[in-house]
Amino acid sequence: MKDAPGTRDYDWWLLAILAAICALGVIEIYSATHGSALAGMHMKQVRWLGVGLVLMFALSRLDYHLILDQAPILYLIGVVALVAVLAFGHTRFGAKRWLPVLGEFLQVSELVKLIIIIVLARFFAEVQSDELSLRDLIKAGLLVGLPLGLILKQPDLGTALVLMPLLVVGAFLAGLQWQHAAIISLAGVLLVGSVFFPPVSKHILKPYQRERITSFLHPEDDAKGSGYQLLQSKIAVGSGGFWGKGFGNGSQNQLGYIPVRYSDFIMSAWAEEQGFKGVLLALGLYMALLLRLVQNAQRAKDRAGMFLVMGVAAALGFHVLVNVAMVIGAMPVTGIPLPLMSYGGSATLFVFLAIGLVMNVRLRRFVN
Amino acid sequence: MSIWFRNDNRLPQGRLAIVSYIIVGMIGVLLLGFWKLQVIDSDRYGVMAERNRVRSIPIIAPRGRMLDRDGRVLVDNYPSFSVLLLRDDAALVEKNLPAIADGLGISLDELHDQLNNTKALPKFQPIVIKPEATKADVAFIESHRADIPLLEMLMVHRRRYLPDGFMGHASGYVGEVSEQQIEASDGKLRPGDFAGKTGIEKQYNDMLMGTDGMRRVIVNSVGKEVGRLSTQEAIPGKQITLTIDYDLQQIAEQSLGQRPGAVVALDPRTGEVLAMVSRPTPDPNDFAVQVSKEEWKRLNEDPLHPLLNRAIQAQLAPGSVFKIITATAMLEDKVPPESFTTFCPGYATFYGRQFKCWVYFAKTGAKSHGVTNLHDAILKSCDVFFYNVGMRLGIDRLAYYAKKLGIGHKTGIDLPSEEPGLMPSPEWVEKTFHRKWYAGETISVSTGQGAVTTTPLQLARTIGGIASGGVFKQPHMLKDAQNVGEERFAISEPTIEKITDAMYGVINEPGGTGGHLKLTGVELSGKSGTAQVIGYSTRDRLAKQKKFEDNAWFVGYAPKRNPEIVVAVLVQESGQHGGEASGPVVRDIIKTYYDKKAKKNNGQYTVELEHHDLDGDGGKPAVKTAPEPAAKPEDSAKPVPARVASVVAPH
Chain A
1 MKDAPGTRDY DWWLLAILAA ICALGVIEIY SATHGSALAG MHMKQVRWLG
51 VGLVLMFALS RLDYHLILDQ APILYLIGVV ALVAVLAFGH TRFGAKRWLP
101 VLGEFLQVSE LVKLIIIIVL ARFFAEVQSD ELSLRDLIKA GLLVGLPLGL
151 ILKQPDLGTA LVLMPLLVVG AFLAGLQWQH AAIISLAGVL LVGSVFFPPV
201 SKHILKPYQR ERITSFLHPE DDAKGSGYQL LQSKIAVGSG GFWGKGFGNG
251 SQNQLGYIPV RYSDFIMSAW AEEQGFKGVL LALGLYMALL LRLVQNAQRA
301 KDRAGMFLVM GVAAALGFHV LVNVAMVIGA MPVTGIPLPL MSYGGSATLF
351 VFLAIGLVMN VRLRRFVN
Chain B
1001 MSIWFRNDNR LPQGRLAIVS YIIVGMIGVL LLGFWKLQVI DSDRYGVMAE
1051 RNRVRSIPII APRGRMLDRD GRVLVDNYPS FSVLLLRDDA ALVEKNLPAI
1101 ADGLGISLDE LHDQLNNTKA LPKFQPIVIK PEATKADVAF IESHRADIPL
1151 LEMLMVHRRR YLPDGFMGHA SGYVGEVSEQ QIEASDGKLR PGDFAGKTGI
1201 EKQYNDMLMG TDGMRRVIVN SVGKEVGRLS TQEAIPGKQI TLTIDYDLQQ
1251 IAEQSLGQRP GAVVALDPRT GEVLAMVSRP TPDPNDFAVQ VSKEEWKRLN
1301 EDPLHPLLNR AIQAQLAPGS VFKIITATAM LEDKVPPESF TTFCPGYATF
1351 YGRQFKCWVY FAKTGAKSHG VTNLHDAILK SCDVFFYNVG MRLGIDRLAY
1401 YAKKLGIGHK TGIDLPSEEP GLMPSPEWVE KTFHRKWYAG ETISVSTGQG
1451 AVTTTPLQLA RTIGGIASGG VFKQPHMLKD AQNVGEERFA ISEPTIEKIT
1501 DAMYGVINEP GGTGGHLKLT GVELSGKSGT AQVIGYSTRD RLAKQKKFED
1551 NAWFVGYAPK RNPEIVVAVL VQESGQHGGE ASGPVVRDII KTYYDKKAKK
1601 NNGQYTVELE HHDLDGDGGK PAVKTAPEPA AKPEDSAKPV PARVASVVAP
1651 H
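In order, the protein sequences belong to chains A and B. At position 212 of the first sequence the residue is numbered 212 (my numbering), and the sequence of numbers has no breaks. If you count the second sequence from 1, you need to add 1000 to reach my numbering.
Isolated chain A, as found in the complex:
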């Protein structure tokens, strides 16, 4: 191994895009909370961003091959942590998701997402053939299935769902065969279908999850529950129009009609105040971010690096898709935040650590 990579090798474009997205987030968190009891939240978010940035640079210095070497141990740590959460976790909003770390409550499942990205990258990198055998596919599935089951138990459907695209994208890039893809798609369709089919969902979903599904399908039946949340979000987005109502002028946002407007529904607040033009900017930035990640994957030095970067891309892309689709009422409320715009410590740290992995891969693309 030669000298450690220099600062020139960092992906400054990627960082610029990230900075822009974070800026939009901080601006909107400020707008959504400045007049309320939550005032000052944007500064807390800035603090999280600072911590995240430091962690990102720290992680980028550590050769990702060393990290991948430790994948089995990381996996073990992840599973133990999840069990610990179920055993002694701190309950908030009706779910056990938090473990006290350094005086803050961290969502262990965010950490687990990162670990699964690493574990899957290692797993798929070890596949030597160009085609993914059914045997390997099932192994990968089991590898994801265990933590997924534990996360569902918290319950945290959102994070559990995020593990799925990691598996799907990883398998696809590892040479998933079309007939396997067809079978998985069929199974996926059946699973989603059963979730929306009450006699089956009764057995596999928690009551609050089923409620979210029904209120998504019939928002008018549940005017103050999550159906109300979706409706209010749509009203906020729609009433923003093309040009938006202006910074701090969104009535849905300022008067509190948008649920958790500083976090999961921040896109709703942004769309109301900044209009379609603002949405164009935000989604444009996310698209640039994702495409930049894919580009980094394409230029990775090896398969392992590529899988690592694409795991991050899959996780972030899925977050953006599910969150934004929820904001426009096209998906049920799942509690998945919008990366870097939504307020939240654990989620922010996850994104920066994930980007740290990407930087790590990039920094070593010429190193040999």
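Just to be clear, a hint being listed does not mean it is correct.
As the list claims (entries may be wrong) - Partial list, computed: chain B residues near chain A (C-beta under 8 Å): (1) Leu1016; (2) Met1026; (3) Gly1033; (4) Trp1035; (5) Val1039; (6) Tyr1045; (7) Ala1049; (8) Leu1308.
No wet-lab data here; the hints were simulated from the structure. Where a beta carbon is used, it is the ideal one built from N, C-alpha and C, also for glycine.
Given the coordinates of chain A, work out where chain B should sit on it, guided by the hints.
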């Protein structure tokens, strides 16, 4: 450390490219979703956002007050709070209905009824679900603002009437508008509005009712008001001045007491109604909020008919008061001639049937009036004399005069639901009963018995009009009424002279039926009447139940010619002669009238007009308070005390 996966640079470039396309496609689809909401459906969501944000709260216009002729307040308002239900969100309403019903102590069924009844109204318009909020209700609403953001309090003005049903029948009362009223109002009235239901409240509703305003406020997601957009002030209803004289009304109420009956005092020169009482009476204050179904049922089924304004709606035989009409007809037609006399042995026989004179039953035991002429017959109210006059005049002439003098048709007073009474005639029996007129019926009618019926107001107008020389002014309650109607019926001067002399004699000559009513210094005149509820013979057969006792009338006026005041009093089923039961009421009122007039002339009488505005801080609780008692008789000259209640903040 495994090393073999390093440097494996087989990258699936093709599949990575596919992922790029998927990313672009995904963002594109999401943008399409935003385009649909923000560009295509933007207006619809804009309206919804506005509806979220803006809440319209009506500002109820106070009804105009009613003043007496001297400017004293007879009917005014006090502020109170109604509970409003916001119905924009039907599902939310449905969900919270049980909690609301429980919290406000209303039955769930009743709430459902109210919602069903107001289905046709626009959703953004809140409805009143409880008209009078108690302190507990206010506390309930305030403490549940966040979880039940559907309730709002509305300041309303409740009607306040003088206590004990003072002038209650004349003033009428207000109530929630009925469906018929809403339909008839051309969109002016909406469900939940209060409007006059009876009496002056109904008659002059358009004047009294103001125009409600509207406050548009910004509310946050938990229903808390955070700002105000615009305020359209309410336009208060017009204050009206009535012809009622508080002092005379007061004495009329007291003098009649709790006996069932009615009093009407008119100024025959103008037609102004100076006092109007009907007993029994409900307290209109009981209707000002909401009368319960049970109470309403009770009032409707009460055998004494407390909802009937006897002054204009009781249609009863006028008894001997009618003899003034028979006498006028006789003198004008000269049939029989003025010099006509009869001998009254206590009865008369026509067509083989015996008709008794009241003197036959008189407590004095006189049994006979002896030989009487017209003057004596009016004084002593001799039935036999008028039986004979009626026989000679015939029903057609009698009916002609009676109708001309105001019997059998409405007086046209500005009150709803006036009854016309009835002057029977051969045509009428033909039409109604398909039979011929019996000659015997003329005999009854000529003494005000039989089918002839009148209202107290009619009798006041008729007697007042005759004493005024045949000028009949339209009775009215509104002081500055325009185009007051007038009917004239030419009565010759000698006739008026003789009739008024006789009526003066009723009180001021020995032997008159109203001799005990004499007032020094006042030319009090009048005529008593005791109408049989059933015939004398039937009454003899039945035990003397109160139910079958007579209606006592007295119509008095002063002065003797061109009177300034005429008072008709009816006391129902008193068991007393008209002069005994009703006469003193007439005398009390006319005495009060002259006492007041004398004081006014001497400058001793002044009416202090109160100065108060409805927004003043009277310090009365908003929750229903009994109005202050009206002035006592001794100090009836004092103005009605100010009855302004202040708003108690709903916190």
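Outcome of the hint check:
{"no.": "1", "hint": "Leu1016", "result": "holds, 5 Å"}
{"no.": "2", "hint": "Met1026", "result": "holds, 6 Å"}
{"no.": "3", "hint": "Gly1033", "result": "holds, 4 Å"}
{"no.": "4", "hint": "Trp1035", "result": "holds, 7 Å"}
{"no.": "5", "hint": "Val1039", "result": "holds, 6 Å"}
{"no.": "6", "hint": "Tyr1045", "result": "holds, 3 Å"}
{"no.": "7", "hint": "Ala1049", "result": "holds, 4 Å"}
{"no.": "8", "hint": "Leu1308", "result": "violated, 50 Å"}
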